[in-house]
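Keeping the supplied structure of chain A fixed, place chain B upon it in accordance with the hints.
Here the protein sequences come in this chain order: A and B. Numbers 0 to 382, taken from numbering that gives the first Met the number 0, label the letters of the first sequence in order. Numbers 0 to 382, taken from numbering that gives the first Met the number 0, label the letters of the second sequence in order.
Treat the hints as calculated values from the structure; they're not laboratory data. Fair warning: there could be bad hints in the mix.
[Unchecked claim] In silico negatives: residues of chain B with every beta carbon more than 12 Å from chain A: (1) G142; (2) L202; (3) G294; (4) Q354.
[Stated by the list, open to error] What the simulated footprint calls covered on chain A by chain B, stretch by stretch (three residues with Cβ under 8 Å from a Cβ of chain B suffice, anywhere in the stretch; the number is not a length): (5) 48-57; (6) 71-82; (7) 88-98; (8) 364-371.
[What the hints assert, rightly or not] Simulated coverage check for chain A against chain B, where a stretch passes if three residues somewhere in it have a Cβ under 8 Å from a Cβ of chain B: (9) 61-67; (10) 252-261.
Glycine included, C-beta positions come from ideal geometry on N, C-alpha and C.
Protein chains: 2
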Amino acid sequence: MRSVAIIGIGQTKIDEQWERSLRQIAAEAICAALKDAGHESADGLFVGNMMSGVLDQQNNLAALVAEASGMNPAEAVKVDAACGSGGAALRAGLMAVASGELESALVAGVEKMTDRHPHEVTAALATAADADYEVEMGVTFVGLNALIMRRYMHEYGWKHADFAPFAINAHANAMHNPFARLHHRITLDDFEKSAMIATPVNLLDASPIGDGAAALYIVPAESVFGGARILIAGSASVTDTIAIHDRPDPLFLGAAYKSAQQAYRQAGVGPQDIDVFELHDAFTIMSALSLEACGFAERGQGPRLGLDDHISPSGRIPLMTRGGLKARGHPVGATGVYQVVEVVQQLRGECGETQVPGARIGMAQNIGGSGATIITHILKAEL
Amino acid sequence: MRSVAIIGIGQTKIDEQWERSLRQIAAEAICAALKDAGHESADGLFVGNMMSGVLDQQNNLAALVAEASGMNPAEAVKVDAACGSGGAALRAGLMAVASGELESALVAGVEKMTDRHPHEVTAALATAADADYEVEMGVTFVGLNALIMRRYMHEYGWKHADFAPFAINAHANAMHNPFARLHHRITLDDFEKSAMIATPVNLLDASPIGDGAAALYIVPAESVFGGARILIAGSASVTDTIAIHDRPDPLFLGAAYKSAQQAYRQAGVGPQDIDVFELHDAFTIMSALSLEACGFAERGQGPRLGLDDHISPSGRIPLMTRGGLKARGHPVGATGVYQVVEVVQQLRGECGETQVPGARIGMAQNIGGSGATIITHILKAEL
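Chain A on its own, in the form it takes in the complex:
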């Protein structure tokens, strides 16, 4: 298997983009990545998307996006792993190039979520859970995360405010990211007084949806000469049961643990080597669980990293340096690609006020469902 490098990135601002279609948003990010890579097309297009069928009445999305981006007759396919679709699309593109089947691939994530009534969006998000055994019982996706968070607080004795640093850090970092959806700082007081959604998850525990697209251009590493190369040094996708009640321990992300271990092994690194970590902070509880499963904190001690101020761009393990799902925004099927785009920006040293000094190794972890599909990528800047 040959090594693969990222040579182009593109993204749109995450926002309510009512005046633009799904294909236009996708094409904007793709064309930006093509331009950044200095190419006019690629051999294949891998599109991460979760809900175009449900919300936009559009399947066969990748063919549509290929046409809108001027990429016909390139192979094109849509990949769905719910909110993990973006990471899964990168996996698919990576294997296509690593196999030698394609010489280049465009990996994109796109989602358009704000045109519909919130009830429809809530129902669409619930399709990431088990339709027969969770959703049928009336639980929403936020509700599932609330059940996990409540149990976690009970088991380990945390209070709600202990999760605040994850959200505060994300909002602070998003201030410097022009593509982020939310551009306002929040305080501990804001966090504590925020509107309740599903106890104990309140509005500032949760990430906002949005319309947006991000894209990556990948090629065999051997074809890249001169300057720094951004290599995909580790890539692993692992599944767990989709229904939370089927897991032996709902407070441990087993798939995150296995996925991170595989990616560490491939990259020849460990948690201590990671300079920046873009994790899947759809809800603050997921930040804690991800940090623990990936070896950055002991079981039940994830919130400690935030409280001890280790997660800012100058901290021990900088998180959500461009705003994370919490403040950059969470256009679900696109999120996994945004994360990797942002790690590339860090490794290129393009992050300005939130630049992690000397960042050379970065990790992105994308989650589909409440821990059902977990995809970890480790990137290395090779000088």
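Using the frame of chain A, we list chain B on its own:
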């Protein structure tokens, strides 16, 4: 890129399976393929499916199916290319194994379409077309094919009955396939008197939907010893515009031409070497267009192959030997996998009354949308 072989197949009968869930149907086919291959799991699961989000309120389908099939923690992803999803899933699995990233993969296609009101299914099928520029104008998927067929008849002077042999052959062959949805022969008289759906497409031009799943187990060819090996000798996916009105010639499947040419080149064969061809006969007109694009007939002369009796199992180019989409049935996202399963059955000599004598090289062509995504696979039995 290493060569890949198919060592296991599985399928369910295509039917109305109202008493069984999507995951149960998928697991039945997967478990059959695992048993056939003599393995308990695989490193990855690639699920072709088009409409689980729209009709079953279930995304993240691959994680769900992995759990139902006992395949956790294997990597799992759903692949969508509309009715070409099955073929696209095989491409994804193929690249995963060919790259060396995985040592084995389970490729499945599944669809559950009969629980819903026909109006909902018609709307769900239309998501394979361009939502903004075709469906918004009120055209259904059958309607698009009717427009193509009418134009084709006008341009080349065929009458409707000239397409009958495609349907008659498919129904005759399905009589001997226990997994087929339809088990009744049809005559030219039946064909001509059948109910009109969208002029000139009548009920016997069109394939029936259904609930069903099919699965393949693939491994590196170098790991297979003893007996015949079924190799994936050619595999190519090509896109065209999704909207038919954007194509320079709506009567030529440009993506089928390019896809077949790539697959022929990879396999080192030409149309004259193909012993059996499972094409995408969603409508009789698509049989004619596919045969022409793949080099079996001159432009506008596809129906001639049926009229001259060249398409039966003992003919020059045997088509739909297990019933095709027309009579085996068309559970959309599963169809591409059924086609490949059936080619494997031919190459193994397991087709009884519809066995093509001495079949060694077979081709399957799967189409997403009205020609937008076309995936061609060529299999070779290597003794």
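Q. Out of the numbered hints, which ones does the structure contradict?
A. none
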